[in-house]
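Participant: This is what each chain is made of:
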Amino acid sequence: MKKLLVLSTALTAVAFSAGADVTVMSWGGDYTKSQVEAYHKPFTAATGTAVISVDSDNPAPAVKAMVEAGNVTIDVADVEYADAIRLCDDGMLEEIDPAVLPAAPDGTPATDDFLPGALTDCAVTTIVFSTIFAYDTTKFPEGPTTIADFFDLEKFPGKRAMRKGAKANMEMALMADGVPAAEVYAMLETPEGQDRAFAMLDKIKKDTIWWEAGAQPPQLLADGEVAMTTAYNGRIFAAAVGEGKPFGTVWDGQVYEYDLLVIPKGAPNPEGALEFIKFATSTQPLADQAKWISYGPARMSSGPLVGLYQDGKTEMAPFMPTAEANLTNALASSYEFWVDRDAELNERFNAWLVAN
Amino acid sequence: MTDTTSGLTTSDGRPLKAALLAAQSKARRRAFLLVAPLLLFVILTFILPIAYMLQRSFENDGFSDSAPQLAAWFAEHPDGSEITEGAYAALVADLATMQANKTPGQAGTRINYTVPGTISLFKAAARKAEDLTPPYKEALIALDADWAAPKLWAAMRSASTSYSADFYRVAIDQKRGEAGDWARGAERERIYIYLFVKTFILSAIITLSCLLLAFPIAHLLATLPMAKSSLLMILVLLPFWTSLLVRTTSWIVLLQQQGVVNNILVALGLIGDDGRLVMINNQTGTIVAMTHVLLPFMVLPLYSVMKTIPPSYARAARSLGATSWTTFRRVYLPQTLPGIAAGSLLVFILAVGYYITPALVGGADGQLISNMISFHMNKSNWSLAAALAAILLVAILILYWLYDRLVGIDRLKFG
Chain E
61 MKKLLVLSTA LTAVAFSAGA DVTVMSWGGD YTKSQVEAYH KPFTAATGTA VISVDSDNPA
121 PAVKAMVEAG NVTIDVADVE YADAIRLCDD GMLEEIDPAV LPAAPDGTPA TDDFLPGALT
181 DCAVTTIVFS TIFAYDTTKF PEGPTTIADF FDLEKFPGKR AMRKGAKANM EMALMADGVP
241 AAEVYAMLET PEGQDRAFAM LDKIKKDTIW WEAGAQPPQL LADGEVAMTT AYNGRIFAAA
301 VGEGKPFGTV WDGQVYEYDL LVIPKGAPNP EGALEFIKFA TSTQPLADQA KWISYGPARM
361 SSGPLVGLYQ DGKTEMAPFM PTAEANLTNA LASSYEFWVD RDAELNERFN AWLVAN
Chain U
3 MTDTTSGLTT SDGRPLKAAL LAAQSKARRR AFLLVAPLLL FVILTFILPI AYMLQRSFEN
63 DGFSDSAPQL AAWFAEHPDG SEITEGAYAA LVADLATMQA NKTPGQAGTR INYTVPGTIS
123 LFKAAARKAE DLTPPYKEAL IALDADWAAP KLWAAMRSAS TSYSADFYRV AIDQKRGEAG
183 DWARGAERER IYIYLFVKTF ILSAIITLSC LLLAFPIAHL LATLPMAKSS LLMILVLLPF
243 WTSLLVRTTS WIVLLQQQGV VNNILVALGL IGDDGRLVMI NNQTGTIVAM THVLLPFMVL
303 PLYSVMKTIP PSYARAARSL GATSWTTFRR VYLPQTLPGI AAGSLLVFIL AVGYYITPAL
363 VGGADGQLIS NMISFHMNKS NWSLAAALAA ILLVAILILY WLYDRLVGID RLKFG
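Each protein sequence line maps, in turn, to chains E and U.
So the mapping is simple: this note's numbering equals the position in the first sequence, first residue as 1, plus 60.
So the mapping is simple: this note's numbering equals the position in the second sequence, first residue as 1, plus 2.
Just chain E, same shape as in the assembly (with noise of 0.2 Å):
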């Protein structure tokens, strides 16, 4: 019997330091890259746990399957601000307590450190992006100077691309066709502002491929499939400045919105994970992470310490989606609205989609 215990027990005891790794579902490419060198690593070498890294097109829909199936493989996941919401209302995220947090360097408490909203009841925010649009500077040496340029063919010929979907689609046809960014929300709330925004997406919808990876909008690029692209501005800073790529970034309308991490519930190891977070978002590694992409570190005391870019020479604050010349016609993407009109909204951009 006491065999038996003692033969049980350090079976458990291996099953344990076998799952005391933490798996971290993101969204590949060069985002995880560099979530991999500012969180990973040093996580890695100041606890000696180990960090499995996973990619998906969007772990938000992967989160949910896991949860309701009852097996969760993943530890953290990084979701957009609308799911972070949703799935939170649907009981499907550990909450976390933003006082577990750490303070910044200079002992500000991480709920007066983090932007406005950045921190919720189960997500905590690493950083801001933004979706802008970029465009081939070899078809285009003067380039497109606003969002409205975007939606003229006559002015700048040429194909577009665009996520398929609704979101930041609509908010930039409407900032296209003059409306104010902070009216933008509220003309989309009703139909007439609907039918606006789609009827300015008809003017190029013909010439435009729809793209779903954010991997795909620099290939569709760099392949001159596409003149201009809406993208995610990180994965663009990446192939210009990264691969010297000929790109050029539009930020005039650009949609910036939180990416946040969450840990599912029956994650197989919630200490470890929430250790993760915690790691994670303090202030160094929110701006260890400006080295390796261009998006903006949540904490106000990252700022100052975002440095150059991983090449040595790059000056990373003009291409964060938050310095103050990109802001000058910028819209914070609203995930109240897109937690109510998700469903809607991309039902008729489907069904308009595949309309002729």
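Derived by calculation from the structure, the hints in this document are not laboratory data.
Heads up, some of the hints might be wrong.
To give an idea of the interface, some chain E residues facing chain U are shown, with a C-beta separation under 7 Å as derived from the structure [to be verified]:
#	residue
1	Pro121
2	Lys124
3	Glu384
4	Asp400
5	Asn410
6	Leu413
7	Val414
Listed below are the simulated DSSO-like cross-link pairs for lysine-lysine, each with C-alpha atoms no more than 27 Å apart in a straight line [what the hints assert, rightly or not]:
#	chain 1	residue 1	chain 2	residue 2
8	E	Lys215	E	Lys199
9	E	Lys265	U	Lys139
10	E	Lys266	U	Lys200
11	U	Lys381	E	Lys227
12	U	Lys153	U	Lys104
13	E	Lys101	E	Lys325
14	U	Lys104	E	Lys265
15	U	Lys153	U	Lys139
16	E	Lys227	U	Lys177
17	E	Lys215	E	Lys227
All residues carry an ideal CB built from backbone N, CA and C; glycine is no exception.
Starting from the known structure of chain E, fit chain U onto it as the hints suggest.
Facilitator: Leaving out everything else, chain U in the frame of chain E:
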């Protein structure tokens, strides 16, 4: 005769009939045990998931679970009765419980599937539910005028039981009107019926192109000498063994506007540099790539049938004076019918459910209904995805039945 049989006994004195029965049942049991693992496997991996999917298409307890009092009110008051203070009181009590259990988002999501814009309505009301005072009707409506909307109440009524046909309504392009009744949605919102029809048409086109391409290949394979036909067979099978994603992406490389085919055409001067053909990210791309991907499923059944047709039949027809066209039409083609039938059925059914290839090369107008199913899976509306899948399943079963009546399933020959 019967008397003598029943009188027969085995050497140890048991009636022969009983002994035979015992021996047979033993054999039957053994046979059953042999297939039991397979049966179990089929039940676990095929029957149960389909049953679960069908259940899911009707069932959604997101609202009914968290609104028991309102559900009770609805049960007492039949459809059409006036929404009274009692109903609002029940709703407010449920909203308060939702807030305590953190389920207003879940309940709102369920209603949001048929009446857009209700998630935040529920969340906002639930936050304040504790502080509301009677009369609740006025209190709620003061909070947000949407609480008086008839369609909201109709949606809540239908969601107050965990089973409803709501998702099938949505799946056939119906919407709740302002009064709460179901009606055909506005034209710009209709999508599913159109896509179902389009899926079947595109699948038929793909099946036909597969047949046209596969018939000569299969004939060649069946008639060439062994050495040459094995080589050809490998050419057929090699793509079959290659990853689907690799094959699909190679079509992107070939067909895109800056791709191989366009570059060759431009180099040959057949088209101008600004007149490059659009062959991918549209319907054409879907048809081309899917025809290629599904081709082996047509070649193999055709080949196996053609292999069994003796060449002497055709020779006999020719020697009796038939032209080569008549020989083909009257003698050869009828004998290949079981292969054509099997291959077409296989390709068609695979094409109807195809999802990854159209997603990658279909662009906007090359999407199939399966892409919508996957879309709703990703958007977490599993009930709608299940309803769409169930409709697809039923449509295929009907087609299969028609096929059975027209061609005869017993004439199929897969190999």
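Participant: Now tell me, hint by hint, if it's right for this structure.
Facilitator: Now for the hints, and whether the structure bears them out:
Below 7 Å, beta-carbon pairs count as interface contacts, and Pro121/E has one with chain U at about 4 Å; its hint therefore holds. The restraint placing Lys124/E at the interface with chain U holds, with a minimum CB-CB distance near 5 Å, inside the 7 Å limit. Restraint check, Glu384/E versus chain U: the minimum CB separation of about 32 Å is more than 7 Å; hint violated. Annotation: interface hint on Asp400/E holds; nearest CB of chain U at approximately 5 Å, less than 7 Å.
A hinted interface residue such as Asn410/E counts as satisfied when its beta carbon comes closer than 7 Å to some beta carbon of chain U; here the least separation is about 6 Å, so the hint holds. Given the 7 Å rule on beta carbons, the hint for Leu413/E holds: about 5 Å separates it from the nearest Cβ of chain U. A least Cβ separation of about 6 Å between Val414/E and chain U falls short of the 7 Å threshold, and the interface hint therefore holds. For a cut-off of 27 Å, the pair hint linking Lys215/E to Lys199/E stands: about 12 Å separates their Cα positions.
At most 27 Å may separate the alpha-carbon atoms for a hinted pair to count; Lys265/E and Lys139/U exceed this at roughly 46 Å. A C-alpha spacing of about 19 Å is found between Lys266/E and Lys200/U, which places the hinted pair at or below 27 Å, so the restraint holds. A hinted pair counts as satisfied when its Cα atoms are at most 27 Å apart, and Lys381/U with Lys227/E qualifies at roughly 13 Å. With a C-alpha separation of about 25 Å, the suggested pair Lys153/U and Lys104/U falls inside the 27 Å cut-off, and the hint holds.
Pair hint Lys101/E plus Lys325/E holds up; C-alpha atoms about 25 Å apart against a cutoff of 27 Å. Between Lys104/U and Lys265/E the alpha-carbon distance is near 42 Å, which puts this suggested pair outside the 27 Å criterion. At roughly 16 Å between alpha-carbon atoms, Lys153/U and Lys139/U fall within 27 Å of each other, so this suggested pair holds. This hinted pair checks out: Lys227/E and Lys177/U have alpha carbons roughly 22 Å apart, not beyond 27 Å.
Restraint check for Lys215/E and Lys227/E: the C-alpha separation of about 26 Å stays at or below 27 Å, so the hint holds.
Violated hints for the displayed structure, listed by number in ascending order: 3, 9 and 14.
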